[in-house]
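Here's the letter readout for the chains.
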Amino acid sequence: MSGRGGRTIRVDTLARVEGEGALYIKMAGERVAEVKLKIYEPPRLFEAFLRGRHFSEAPDITARICGICPIAYQMSAVHAIERALGIRVDPAVRLLRRLFYCGEWIESHCLHVYMLHAPDFLGYPDVIAMAQDHRAVVEKALRLKKIGNRIMQLLGGREIHPISVAVGGFYKTPTKHQLRDLVDDLEWALEASLATVRWTAGFQFPDFEQDYEFVALRHPDEYPFNEGRLVSNRNLDIDAAEYEDHFVELQVKHSNALHSVVRGRGSYLVGPLARFNLNFDKLPEVARNAAAEAGLRPPVKNLFRSIVVRAVELVFACAEALRVIREYEPPAAPRVEAPNRTGVGQAITEAPRGILYHRYALDEQGLIVTAKIVPPTSQNLRRIEDDLREYAAQLVAWPIEEATWKCEQAVRSYDPCISCATHFLKVVMEREDTRLGTEAC
Amino acid sequence: MSSESKRKPARKPKIGVFKFASCDGCQLSLLDAEDELLGVAEAVDIAYFPEASRTMLKGPYDIGLVEGSITTHDDAQRIQEVRRQCKTLITIGACATAGGIQALRNWKDVDQFIRIVYATPQYISTLKLSTPIAEHVPVDFELRGCPINKYQLIELITATLAGRKPNIPSYSVCIECKRKGNVCIAVAGGIACLGPVTQAGCGALCPSYDRGCYGCYGPMETPNTASLTSQLRILGQSDDQISRAFRGFNAWAWQFRKASEECERT
Chain A
40 MSGRGGRTIR
50 VDTLARVEGE
60 GALYIKMAGE
70 RVAEVKLKIY
80 EPPRLFEAFL
90 RGRHFSEAPD
100 ITARICGICP
110 IAYQMSAVHA
120 IERALGIRVD
130 PAVRLLRRLF
140 YCGEWIESHC
150 LHVYMLHAPD
160 FLGYPDVIAM
170 AQDHRAVVEK
180 ALRLKKIGNR
190 IMQLLGGREI
200 HPISVAVGGF
210 YKTPTKHQLR
220 DLVDDLEWAL
230 EASLATVRWT
240 AGFQFPDFEQ
250 DYEFVALRHP
260 DEYPFNEGRL
270 VSNRNLDIDA
280 AEYEDHFVEL
290 QVKHSNALHS
300 VVRGRGSYLV
310 GPLARFNLNF
320 DKLPEVARNA
330 AAEAGLRPPV
340 KNLFRSIVVR
350 AVELVFACAE
360 ALRVIREYEP
370 PAAPRVEAPN
380 RTGVGQAITE
390 APRGILYHRY
400 ALDEQGLIVT
410 AKIVPPTSQN
420 LRRIEDDLRE
430 YAAQLVAWPI
440 EEATWKCEQA
450 VRSYDPCISC
460 ATHFLKVVME
470 REDTRLGTEA
480 C
Chain B
3 MSSESKRKPA
13 RKPKIGVFKF
23 ASCDGCQLSL
33 LDAEDELLGV
43 AEAVDIAYFP
53 EASRTMLKGP
63 YDIGLVEGSI
73 TTHDDAQRIQ
83 EVRRQCKTLI
93 TIGACATAGG
103 IQALRNWKDV
113 DQFIRIVYAT
123 PQYISTLKLS
133 TPIAEHVPVD
143 FELRGCPINK
153 YQLIELITAT
163 LAGRKPNIPS
173 YSVCIECKRK
183 GNVCIAVAGG
193 IACLGPVTQA
203 GCGALCPSYD
213 RGCYGCYGPM
223 ETPNTASLTS
233 QLRILGQSDD
243 QISRAFRGFN
253 AWAWQFRKAS
263 EECERT
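Going down the list, the sequences are from chains A and B. Everything in the first sequence is counted per our numbering, starting at 40 for the first residue and increasing by one. Everything in the second sequence is counted per our numbering, starting at 3 for the first residue and increasing by one.
Hints are computed from structural coordinates only; laboratory data are not their basis. Certain hints may be false.
[To be verified] Straight-line distance between alpha carbons at most 27 angstroms, and here's what the computed DSS-like set of lysine-lysine pairs gives:
hint, chain 1, residue 1, chain 2, residue 2
1, A, Lys185, B, Lys182
2, A, Lys340, A, Lys65
3, B, Lys167, B, Lys180
4, B, Lys60, A, Lys445
5, A, Lys75, A, Lys65
6, A, Lys411, B, Lys130
7, A, Lys211, B, Lys180
8, B, Lys182, A, Lys215
None of the values given here were measured: they were computed from a predicted structure.
Start from the sequences and build out the full structure, keeping to the hints where you can.
Here's what the structure looks like:
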C-alpha cells in the first residue's frame, strides 16, 4: 500500500477522546503531504454569553465548558476574578483548593490512563473489552477513579460541575473529621498509583522523541496546581498577566482551527510531560522514586511515555492529598467578602491536560465586560499536528490499519479534550460520512 | 428452535451514546458509575460510545442516549438519523432537554456573539437558536440535570430494559431538603433559592452546602415561578438578578424562559 501512489490515514470519529474530532493524514510516497485534526464539535460561545453575567456566576458557568475537568475551569475563574477584585483567600482555602485539584487529577488521569489510553497499548478497542482479560486491573482502576471522585463529592457535592466553589473561597468548607475519613482510601490509592506506574512502565513504546517546547506553571515550593509563574525550557518566565503578550492564536487555513503558538517560535506542549520535565524537583520523594524505577528522567521527550508520567502524577496527587489532609485546619470563614468593583484579572492553573488561561474584565457592578479563555487542548493542537507529521512519516511501510491505530494513539497521548477546545475553535463542517475507516487515494 | 435458543444466549440490547453541543459531562456519568459500569456492560451491548470505544457498531439500537443541544444545520439533520436508528430515545442532561447554557444565545444576535469569539466569523456555521432534542424529534424520556445524576441514569436504563416506568420524581428540590432535614436557607437565611420551582434529582446539593439552588435540574412539574419571583423581590433581589437566575443552564425551558422574560418586562 505504500507504493508509488499516495495513501490516506483517515479516522472520521476519533474515539476515546472527550468531544468530537476527526483525523486526516495524506501521504505522498514517503512524504506526509497533509495533516488535519478536524474539529466538528459545535461552538458554544462561552466568552460571548459571559458578558453581562455577574462574576459570582463565572465559576459555575465556565465549569460547563468541560464535564471532564470542571474544577480546572472553576479554579482558573476564581483566581482570575480574585485578582481583578484584589482579594486574598484564607490559607486553609488555598489548601482545600489544592485538595480539590488532587481529586480531579486522580479521576481524570485514572480515566485516561486505564480507560482511554491503556487499551491502545494492550490492543483492545475499549476498557470493557480489556476487562474481559484484565478484570482485576480494571476493577482496581475503577476503585482508584472513584476515590478521586470521592474527594470532589466531599468538597463540592458532586464530581461533575461541583457546587461549592465561590469567589473568595467556598460556600461551605469541610471539617477535619470529614477529611480524615478519606485517609484510608487515599493510602490505598497511593499504593494503587505506584502499581499503575510499574504497570504502564512495562508497555512497549514507539521510539519517537521530539524537541518540544514544554510550557507549565512553576512554583518555588510545590508541584504546580493553582499558582506559579509560567515557564518553558526555552527561557519563558512570565506572570499570568503577560500571557497574551507571549502567546497568540493563529488561524490555520487547512483546518479552519485557531492554534495557539508562542510568539516568534511556534507550537508548544502543555500537560503532564511539560509539568514533569519542568518541575521534577518539586515532586515528593515517593513520586520521584517511582519515576526513577520506571526509567523516567527529565526531560522525557517521548510523547507515548506520557501515560507513565500521568501515573507518576497520580502518585503525586495521592501523596499531596494526604499531606493537605494532615495539615488542614478549617478557615475562620468559608470565604472572604468579594465586593463589586471594576478590575481586570488573569489566572493560569494546571488542568489535568495542561495550563488553562482565564481573563476577566469587570465593571463597577461586578458584571463581566469581557472574558477570554484558552483551554489546554487548543494550546496543544498545533503540536499534535506537528507530531503527526513526523510520526506518520515513520509509518509509511506499515499496513494502513495499524498505522491508523498508531496515529490515533499518538493523538490520545495528549488526552485531548475537544469539548474544551471548541468554545473558540473554528468548526469544520465538512463531515464526509460517519464511517470509521481508511481509504487509499 | 428451542434447542438453538438454549445454546445461544439472548441477544443483548444495543445501546448507543450520541453527542451534540455539550460538555461531555452527562455521558461521562456512565463512566463515573464505577460500581455499576462492568455490570451494565454485561447486561447490554455498548455498541456506539465513541468517548469510550474504538468499536462503533451500526444501528439500529435498542436505546439511544442523546447528550447535547442542536446548534448547527448538520446536527439538525443528524438527530433525525439518530432517531430513526433508536427504538427508545432518551435525552440526558440540560443541553439535550432544554438547550443548555449555550441557549443564552437565543436572546441575542448570534452573529454578534460569533464576532466576539471568532476572528473570522464567516467561517462559523451555526443556527440562531440552541434548542432541545424534543424540538426536533419525538423523545421517549427526558432525564434532567446539569449534570444528570448517575444513579438516575442507571435506574432509567434498568427500567427501560425491564419495560417499566422509571422511578424518577418530578417534584421540587424543596422535598429533598425536607427529607434531608435541611433548615430552609431561603426562609431562615434569606438566601435566594430556586429550589421551590426546580425539579429534584440532585439531592438538594446547593442548600446542603449553604447556597441557594441555581436550578440546574430545570423546572419541576407545574412550577409557580410568579410566586417565587415575588418572594425573591422580598428578599431584595433586583429584577436583573432574578432574570439572570432563571436564565442559567435551563434558560430555554419554557417555564424559566417565561419567568426571566417577565422580569425583563417590569
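Here's how the hints hold up against the structure:
{"no.": "1", "hint": "A/Lys185 x B/Lys182", "verdict": "holds (24 angstroms)"}
{"no.": "2", "hint": "A/Lys340 x A/Lys65", "verdict": "holds (25 angstroms)"}
{"no.": "3", "hint": "B/Lys167 x B/Lys180", "verdict": "holds (25 angstroms)"}
{"no.": "4", "hint": "B/Lys60 x A/Lys445", "verdict": "holds (24 angstroms)"}
{"no.": "5", "hint": "A/Lys75 x A/Lys65", "verdict": "holds (9 angstroms)"}
{"no.": "6", "hint": "A/Lys411 x B/Lys130", "verdict": "holds (22 angstroms)"}
{"no.": "7", "hint": "A/Lys211 x B/Lys180", "verdict": "holds (20 angstroms)"}
{"no.": "8", "hint": "B/Lys182 x A/Lys215", "verdict": "holds (22 angstroms)"}
Figure legend: structure checked against the earlier numbered hints; every hint is met.
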